[in-house]
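**Student:** Using the sequences and the accompanying hints, generate a full structural model.
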Amino acid sequence: MSLSPFEVSSQTFVAEEEQSLEALDASRAIEGRSPLRLAMARLRTDRMAWIAAAMIVLMALLAIVAPLVSTLTGHSPYNPDLVNGTNSFGQPYGPGEGGFILGTDNVGRDILVRVAYGARISLLVGVLATLLATVGGTVLGLVSGYFGGWIDALLARLMDAVLSFPYVLAAIVLAAVFGGSLPLTIGVIAFFSWAAIGRIVRGQTLSQKEKEYVEAARSIGAGSFRIMFVDILPNLVAPVIVLGTLLVPVAIVFEATLDYLGVGVGPPTPTWGNMLADDQGSAGFAAWWFWVIPSIALLITTLGFNLLGDSVRDALDPRTERLFATRRKSAVAGPAAGEPISGEVAAP
Amino acid sequence: MTRFIIRRVIQGIITLWVIVSVVFVLFFMTNPDPARLLAGKAATVTEVQSIRVFLGLNHPLWQQYLDFLGRLVQGNLGESYKLHEPVTSLLGQWVQVDISLAVGAGIIWLVMGLSVGILAARRPRSVWDRSATVFVLAGLSTPTFILGLLLLYFFFYILTTHGIAIFPGAGNYTPFLTNPAEWAHDLILPWLTLALITAATYARLSRSSLLEVLGEDYIRTARAKGLSERRIVYRHALRAAITPIVTQFGIDLATVLGGAIITETIFGLPGLGQNVVSAIGREDLPVIQGIVLVAAAFIVVANIVVDSLYAVVDPRVRLT
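Line by line, the protein sequences give chains P and V. Numbered per the numbering used here, the first sequence spans residues 1 to 348. Numbered per the numbering used here, the second sequence spans residues 1001 to 1320.
Since the hints were made in silico from the structure, they are not lab data. Mixed in with the good hints there might be a few duds.
[As the list claims (entries may be wrong)] Simulated DEER-style distance windows between Cβ atoms:
{"#": "1", "chain 1": "P", "residue 1": "80", "chain 2": "V", "residue 2": "1305", "range": "50 to 56 Å"}
{"#": "2", "chain 1": "V", "residue 1": "1313", "chain 2": "P", "residue 2": "223", "range": "52 to 58 Å"}
{"#": "3", "chain 1": "V", "residue 1": "1070", "chain 2": "P", "residue 2": "53", "range": "57 to 63 Å"}
{"#": "4", "chain 1": "V", "residue 1": "1230", "chain 2": "P", "residue 2": "223", "range": "57 to 63 Å"}
{"#": "5", "chain 1": "V", "residue 1": "1215", "chain 2": "P", "residue 2": "237", "range": "26 to 32 Å"}
[As the list claims (entries may be wrong)] Listing some non-contacts, in silico: residues in chain P with all C-beta distances to chain V over 10 Å:
{"#": "6", "residue": "38"}
{"#": "7", "residue": "73"}
{"#": "8", "residue": "139"}
[Unchecked claim] If you want a taste of the chain P side facing chain V, the calculated C-beta under 10 Å gives, among others:
{"#": "9", "residue": "106"}
{"#": "10", "residue": "172"}
{"#": "11", "residue": "235"}
{"#": "12", "residue": "254"}
{"#": "13", "residue": "261"}
{"#": "14", "residue": "305"}
We put the beta carbon where it would ideally sit given N, CA and C, even for glycine.
**Tutor:** Here it is, written out as structure tokens:
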């Protein structure tokens, strides 16, 4: 099991894995294992998954101990300190100078402390926005696919509209209108992300609802609500988990982008995005640590989640449309594809 | 086909109407009296009133909305509050930057993405494939502004401080018609910024699409009748695998055309993206309206074109 963000469409790799797993467990007594346990077993033997998890845990720890870092170093993440934070020429300290492990920024704030606090915002926004988007997308996708008719027509159109909208532009307009804040940032990111999950859940629901088990459930008198959430939903867990994991780095990059453009959470809260933006103009490129350090933190986080998402997909092998590869389902037949969810975040 | 296009165009117009209406409502929700804002602090009551009358802000909001729609139908987007120029002519200037960006970057990311994808698909699980995976992963994990800063740092700052001033820094833009060579020179780094990250999506897309097609029966038939691998991949497989790439390309191109906000901000390019950010900052409604409308229109048009192209690229598709 390797790192492959590509869709492995060939059956052979899966077969090989199954064989090796069987060999591994051959000594034990034969027992029935649920697909989820099989997936966990595969995930445990995946070296890449461990590396990815380590990267994420590292960042999560940094976020958790941020106040401790601030106390230990005695440096505030918010207050400029031109007396202690800059050298005798009034210039910021480089990494390792003046007792600042990662240096200071142009107003003398400790970059280590600010990066640690930035991790809190990035992870909070990434995880919360993804949760919101996943729950919203799953529910609306289920409703859309299950009921069909005008509800489906309406929701499917809505998903198309959300997915095809220049969303960084929309996010900036919204942030300008309502003023940037943490809840708005989370809301905006969730709003522009749910449709990616909604579309795939809808597609899966469309095929699942024709299966015999749904007919059976209906014949014993199960209601629509029960069929959707008790019978169909468990069959969609695999793709939803994979998509959710892959949505986290997208949300984190989205947040950093908004903050970089000055329409996100905003100062004085330290975020990786506004650290990159603050520091770029004033001292330019001579003080490379201004922007290199928050960039590295951001890259470790996004890489960690992308690698993990990939390993999870490998383990679950859900054979769904890919989050990055395909986005919009067209009105015509044929493979659906479209703008990546990472669109402007990753593109323009 | 004609019926399909007519229906989609009508749907597109409705979408655009909804979008401009939302922007209109949102703007007046936060700025009940833009005239006061424009007049500045030192303005007298009469001055504010004259601005109000001049911009039509003295009418009730519904009438302003109808006036706005009426002018819009005639292709008149009004005049910028602050720049005192018709929005349409401003948009005309700014969009040239985005066209320049889209053309250069689009060619680079398409060539790069397809080459990497084809290379990886022809030899799955080889060293090439693994390198392609790393390329894709890096592209998907790197935010645009970090790549832009990296390119500026290494190719502009480091080289220039070492006396090798090959690449221009931020804030340089030469129109194509003024000097094509200078135009390309100024845009190389922005092109690469956009292209490297977008190419990752194309590499992944073309690889998975091509792998799927290469497993089809007709490819085996082509191999059995002794065609060269080259001919099979480029003539037979790629033809069928190209459909999702066409879609992706259309949408991505339209997104860049509507304003590459981050790239323009980093490199100081005076396109739609940078101008919408500054227009929002100075609460310049006509400009915001204009740019949002153009950006959305590019996407709507791209969707229609791409869906129509399906039938051309893939004869199995029938438009209804």
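**Student:** Next, verify each hint and record whether it holds.
**Tutor:** Right, here's what the structure says about each hint:
1. P:80 to V:1305: 50 to 56 Å: Given range 50 to 56 Å: holds, Cβ gap about 52 Å.
2. V:1313 to P:223: 52 to 58 Å: violated (45 Å)
3. V:1070 to P:53: 57 to 63 Å: holds (59 Å)
4. V:1230 to P:223: 57 to 63 Å: holds (58 Å)
5. V:1215 to P:237: 26 to 32 Å: Holds, since residue 1215 (chain V) and residue 237 (chain P) (Cβ atoms, about 28 Å apart) stay within the stated range.
6. 38: With a cut-off of 10 Å, residue 38 (chain P) remains clear of chain V, as the shortest Cβ separation is near 23 Å.
7. 73: holds (26 Å)
8. 139: The assertion about residue 139 (chain P) holds, with a minimum of 24 Å to chain V.
9. 106: Where the cut-off is 10 Å and the nearest Cβ of chain V is about 16 Å from residue 106 (chain P), the hint is violated.
10. 172: holds (6 Å)
11. 235: For residue 235 (chain P), the interface hint is violated, since the closest Cβ of chain V sits about 23 Å away, which is over 10 Å.
12. 254: Cβ of residue 254 (chain P) sits 9 Å from chain V, so the hint holds.
13. 261: holds (6 Å)
14. 305: holds (8 Å)
Hint violations for this structure: numbers 2, 9 and 11, all remaining hints satisfied.
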